[in-house]
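In order, the protein sequence lines correspond to chains A and B.
First residue of the first sequence? That's 1 in our numbering, and the numbers climb one at a time after it.
First residue of the second sequence? That's 488 in our numbering, and the numbers climb one at a time after it.
In short, the hints are calculated from the structure, not lab data.
Be careful, since some hints might not be right.
Quick list of in silico lysine-lysine cross-link-like pairs, DSS-like style, CA-CA up to 30 Å [unchecked claim]:
id, chain 1, residue 1, chain 2, residue 2
1, A, Lys234, B, Lys721
2, A, Lys383, B, Lys808
3, A, Lys383, B, Lys647
Number of protein chains: 2
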Amino acid sequence: MSDLDQQKPAEQRPADSPLVDTNGHPISSEKNPSETYDGLHEDAVDSILEALESQDVQALREHVAHLHFADAADLIERLSADQRRVLLDATKDILDPDVFTELDETVRDEVVDIVGLDAMAEVVSELDTDDAVEIIDELEKHEQEHVLDAISPADRTLIKEGLAYEEDTAGRLMQREVMTVPQFWSIGETIDFLRDIAEQEEWETPNVFYDIVVVDPRHKPVGTIPLSLLLQSKRPVNVTDIMHERMKLIPVDMDQEEVAFLFRQRDLVSAPVVGEEGRLVGVITIDDVVDIIDEEAEEDILALGGVREDDLYSATLDTTKQRFSWLFVNLLTAIMASVVIGFFQGTIEQVVALAVLMPIVASMGGNAGTQTLTVAVRALATKELTSTNAMRQIGKELLVGVINGFVFAILIGGVAWVWFSSLDIGIVIALAMIVNMVVAGLFGAIIPIALDRHGVDPAVASSVFLTTVTDVVGFMVFLSLGALLLL
Amino acid sequence: MSDLDQQKPAEQRPADSPLVDTNGHPISSEKNPSETYDGLHEDAVDSILEALESQDVQALREHVAHLHFADAADLIERLSADQRRVLLDATKDILDPDVFTELDETVRDEVVDIVGLDAMAEVVSELDTDDAVEIIDELEKHEQEHVLDAISPADRTLIKEGLAYEEDTAGRLMQREVMTVPQFWSIGETIDFLRDIAEQEEWETPNVFYDIVVVDPRHKPVGTIPLSLLLQSKRPVNVTDIMHERMKLIPVDMDQEEVAFLFRQRDLVSAPVVGEEGRLVGVITIDDVVDIIDEEAEEDILALGGVREDDLYSATLDTTKQRFSWLFVNLLTAIMASVVIGFFQGTIEQVVALAVLMPIVASMGGNAGTQTLTVAVRALATKELTSTNAMRQIGKELLVGVINGFVFAILIGGVAWVWFSSLDIGIVIALAMIVNMVVAGLFGAIIPIALDRHGVDPAVASSVFLTTVTDVVGFMVFLSLGALLLL
Numbered sequence: 001m002s003d004l005d006q007q008k009p010a011e012q013r014p015a016d017s018p019l020v021d022t023n024g025h026p027i028s029s030e031k032n033p034s035e036t037y038d039g040l041h042e043d044a045v046d047s048i049l050e051a052l053e054s055q056d057v058q059a060l061r062e063h064v065a066h067l068h069f070a071d072a073a074d075l076i077e078r079l080s081a082d083q084r085r086v087l088l089d090a091t092k093d094i095l096d097p098d099v100f101t102e103l104d105e106t107v108r109d110e111v112v113d114i115v116g117l118d119a120m121a122e123v124v125s126e127l128d129t130d131d132a133v134e135i136i137d138e139l140e141k142h143e144q145e146h147v148l149d150a151i152s153p154a155d156r157t158l159i160k161e162g163l164a165y166e167e168d169t170a171g172r173l174m175q176r177e178v179m180t181v182p183q184f185w186s187i188g189e190t191i192d193f194l195r196d197i198a199e200q201e202e203w204e205t206p207n208v209f210y211d212i213v214v215v216d217p218r219h220k221p222v223g224t225i226p227l228s229l230l231l232q233s234k235r236p237v238n239v240t241d242i243m244h245e246r247m248k249l250i251p252v253d254m255d256q257e258e259v260a261f262l263f264r265q266r267d268l269v270s271a272p273v274v275g276e277e278g279r280l281v282g283v284i285t286i287d288d289v290v291d292i293i294d295e296e297a298e299e300d301i302l303a304l305g306g307v308r309e310d311d312l313y314s315a316t317l318d319t320t321k322q323r324f325s326w327l328f329v330n331l332l333t334a335i336m337a338s339v340v341i342g343f344f345q346g347t348i349e350q351v352v353a354l355a356v357l358m359p360i361v362a363s364m365g366g367n368a369g370t371q372t373l374t375v376a377v378r379a380l381a382t383k384e385l386t387s388t389n390a391m392r393q394i395g396k397e398l399l400v401g402v403i404n405g406f407v408f409a410i411l412i413g414g415v416a417w418v419w420f421s422s423l424d425i426g427i428v429i430a431l432a433m434i435v436n437m438v439v440a441g442l443f444g445a446i447i448p449i450a451l452d453r454h455g456v457d458p459a460v461a462s463s464v465f466l467t468t469v470t471d472v473v474g475f476m477v478f479l480s481l482g483a484l485l486l487l
Numbered sequence: 488m489s490d491l492d493q494q495k496p497a498e499q500r501p502a503d504s505p506l507v508d509t510n511g512h513p514i515s516s517e518k519n520p521s522e523t524y525d526g527l528h529e530d531a532v533d534s535i536l537e538a539l540e541s542q543d544v545q546a547l548r549e550h551v552a553h554l555h556f557a558d559a560a561d562l563i564e565r566l567s568a569d570q571r572r573v574l575l576d577a578t579k580d581i582l583d584p585d586v587f588t589e590l591d592e593t594v595r596d597e598v599v600d601i602v603g604l605d606a607m608a609e610v611v612s613e614l615d616t617d618d619a620v621e622i623i624d625e626l627e628k629h630e631q632e633h634v635l636d637a638i639s640p641a642d643r644t645l646i647k648e649g650l651a652y653e654e655d656t657a658g659r660l661m662q663r664e665v666m667t668v669p670q671f672w673s674i675g676e677t678i679d680f681l682r683d684i685a686e687q688e689e690w691e692t693p694n695v696f697y698d699i700v701v702v703d704p705r706h707k708p709v710g711t712i713p714l715s716l717l718l719q720s721k722r723p724v725n726v727t728d729i730m731h732e733r734m735k736l737i738p739v740d741m742d743q744e745e746v747a748f749l750f751r752q753r754d755l756v757s758a759p760v761v762g763e764e765g766r767l768v769g770v771i772t773i774d775d776v777v778d779i780i781d782e783e784a785e786e787d788i789l790a791l792g793g794v795r796e797d798d799l800y801s802a803t804l805d806t807t808k809q810r811f812s813w814l815f816v817n818l819l820t821a822i823m824a825s826v827v828i829g830f831f832q833g834t835i836e837q838v839v840a841l842a843v844l845m846p847i848v849a850s851m852g853g854n855a856g857t858q859t860l861t862v863a864v865r866a867l868a869t870k871e872l873t874s875t876n877a878m879r880q881i882g883k884e885l886l887v888g889v890i891n892g893f894v895f896a897i898l899i900g901g902v903a904w905v906w907f908s909s910l911d912i913g914i915v916i917a918l919a920m921i922v923n924m925v926v927a928g929l930f931g932a933i934i935p936i937a938l939d940r941h942g943v944d945p946a947v948a949s950s951v952f953l954t955t956v957t958d959v960v961g962f963m964v965f966l967s968l969g970a971l972l973l974l
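Just chain A, same shape as in the assembly (with noise of 0.2 Å):
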């Protein structure tokens, strides 16, 4: 992410000329003034809150020049529609481009309806490369061409290039500037020119970086050199010589989450992104790694409950549409467990004491299955669960469930009598519970597995099969052992 402001040494806004905005106002220069950080203040916003019910236009804009773009977005993301507006009408023309990279996909689109096409080419020319493509892709076709028309042909062809790129891929993740220097120059030189183009405005460099990568002439990386590493460094010493040769290189189309997998694996700050026959093409930094990171253990989070995304923000018409399939899938498993519930109304007419505890054990097997998959899942997600352990991982869980099984099958199978005095539904229930929770381990385990070998999310459709089973084995077993059993 851009951070030009920061970048600006500090010898070039001086604290006695104040910032003066597009219209005159006055704007201060001060983005945060406390020291230690705490987020967007409650008192901050509920003075942004009261500028906007009085349409202070004077206030809104000091409140905004104050706000760091990250907060900026997370308050423009908490408003309501007609409050964005009003905002956004006010201060459109002080925010920060980086406002637009951190805002939630949803609100983007209605922010962009709101300041316009034009402006959001502006936005777009002041970007790195990697948050220019993400807001662009986002767009429909015919705003992409306006704004594509709008900014100069040098960020467009970058633009174009990024997204050709396959989404999810580290061509969509990288940013093209990469500080490269040849092969054959010394760390004196590297440093020299280093302090050259910071004077060039028209070079394309990257705002912030970590390591600088030597090219051979066919602009190959042959190694990088971390900062830290070329500051220690003699200024004859050629790079070279100082060099890390065991680079990680990262194939342009490689998956986002491998990308992410590999940072957090290696620890690494920046790697150079490579294209066909090896030339470099770009480089990923760690910030945009960590929002990938994020984003996938949501993705998790929120597929294991049932939604497909991030719906916070969404209008209420489009999150209803979006929880309705899954929804209705479960409709379906739940009239399945009805039809097994069906096939046993005789038995529970003569001993309605079945139809007063049969979702227990259903439920104690849906419960104790999600245990074992949402470990499983997430061991899965982080390569800790592979075929190496998978078949010790599922011999664990059915021993889990054999031991809890029998401990809940004493507790409510000694309830059941107590309740209805009869030991022998107290029997059924303790049998119908160590069944089932020894079912409930073993698919529990293997359900994701057995996903995951054939290609398909097993955050996604683990649960629905896993309450399939456990609700069909739980109401089976329990009812027909009472048939068996109680008649």
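Given the structure of chain A, go ahead and fit chain B onto it with the hints provided.
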């Protein structure tokens, strides 16, 4: 995380002098022979498993010497206890110290028992303070003393200071080694200093760093200089002219979750940590924060699935015990639901179709509520759901519940009508469905928000409250409507 090997310039390990381990066996110096990353290769694992099977010490040593420390840690985690012992006995003298920082806690416990405390003392001496503190913290009291006695007094002091900070705070995450310069220095002096200390072994410097911290005479940070900015500045310029004065300072007692939020929000790569009177005490780098982001997301995923902590590597009996408490709470709520059904035994005896259909209403309520709850828990964790928009979100979820409630009421009402040839039964289940879906949406949003307000982790406790509500309301409404309309 230290990466001593990578930090060593290439010139210090010429390719034609093969490394030799303590037993005189040659070890390849190629840690990562493949240019692009694909994790721990399945065939590498297979060859190692074979070598373990045949107890081929030489082959094991060669294989492990080829692994990156993170992959070696993954390998050790995946093995069974017996395999682990064989592998470690064969390779403990050539393991990278960082392998230990990457290991899961439960596994590390076992590994410490195998390699012994003297080996651990050596490992701890070579790590950065933050990693060393983490490892020592998890040892038993007497083990801690043994290890601390065996290391150098300087390391011991740093580690003891680290241990004095509260768990899960910035103090534990930070490394003590910070690159600082006084205010009156120029860029040239700074670079010369960095070059000088690189040659002095005894100087305590961080292995890799991203920012220089400028400090005043009382060691208070007055600014930070990203290395890329330092490199782009001229030698005569003073450090105070280019430093970022508005850097984020992290109080040493800040919760690690807040630290992670701050790094993500501000796209930080490193940040100075300050103690009493604002004095610099250490620095936190992004690699440690990535681990925290990961951990926090993992905690939420597991908690929502009813698992207290990642128990993949725990012994079966420990896992069984850990899972028990959650299942026990669920048993109580399941019994509560059964008690509700118990009130309607007479009704069920007369209309057994009610017993057949009743799980559908409860199950659909549970699923719809879980969707809402998942979105809310996640939004609370990412600070997207706050008092500013809480009421609007609750209102939205209520509306989603109403709409989906009506849709599913029509669906299941139709099914029940046809199935039992009774329009009345269809009407009963349709009405119950509407009520329970609305209740599910409402409580799915209110429960996590309320728990969060009262300082209870919503990920842990929400779902048990929710299923109690959706079960009790589901059975109660359906069966009482049945009693009212069908008898």
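Comparing the hints with the structure gives:
{"no.": "1", "hint": "A:Lys234 / B:Lys721", "verdict": "holds (16 Å)"}
{"no.": "2", "hint": "A:Lys383 / B:Lys808", "verdict": "holds (25 Å)"}
{"no.": "3", "hint": "A:Lys383 / B:Lys647", "verdict": "violated (34 Å)"}
Consistency with the previously given hints fails for number 3 only.
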